[in-house]
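Please take these sequences and the hints and turn them into a complete structure.
So for the sequence shown, the working numbering puts the first residue at 233; every next one is plus one.
Keep in mind that the hints were calculated from the coordinates and are not lab data.
Note that beta-carbon positions come from the ideal geometry of N, C-alpha and C, so glycine has one too.
Do not rely on the hints blindly, as some may be mistaken.
The calculated label-pair distances, taken between Cβ atoms and stated as ranges, are [what the hints assert, rightly or not]:
#, residue 1, residue 2, range
1, R299, A234, 16 to 24 Å
2, V277, W238, 17 to 25 Å
3, A235, G272, 31 to 39 Å
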Amino acid sequence: MAAFTWPSQEVVDLADGVVAILQGDGEAGVSNAGIVSQDGHALVVDTFMFPEMAGGLVTELSRRNVRTRHPSTTASWPH
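So this is what it looks like as structure tokens:
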């Protein structure tokens, strides 16, 4: 059995401080995420299905100087 590999990710800048992270080719079970950031803070929308999928998200937050040490105390399920 072949080892599983996660789909590739693409970071797309939509506007100043607004980013989409697209994953895969739209296969079932593959999610995308969004980031709205300003002044070192961010709103993250749909943070991916598995922790292994979130590595690119965390990298992108760090690249944009967003603090990732303090977890949110608020959650929303927009689906």
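Checked hints:
no. : hint                    : in the structure
1   : R299 x A234: 16 to 24 Å : violated (38 Å)
2   : V277 x W238: 17 to 25 Å : holds (20 Å)
3   : A235 x G272: 31 to 39 Å : holds (37 Å)
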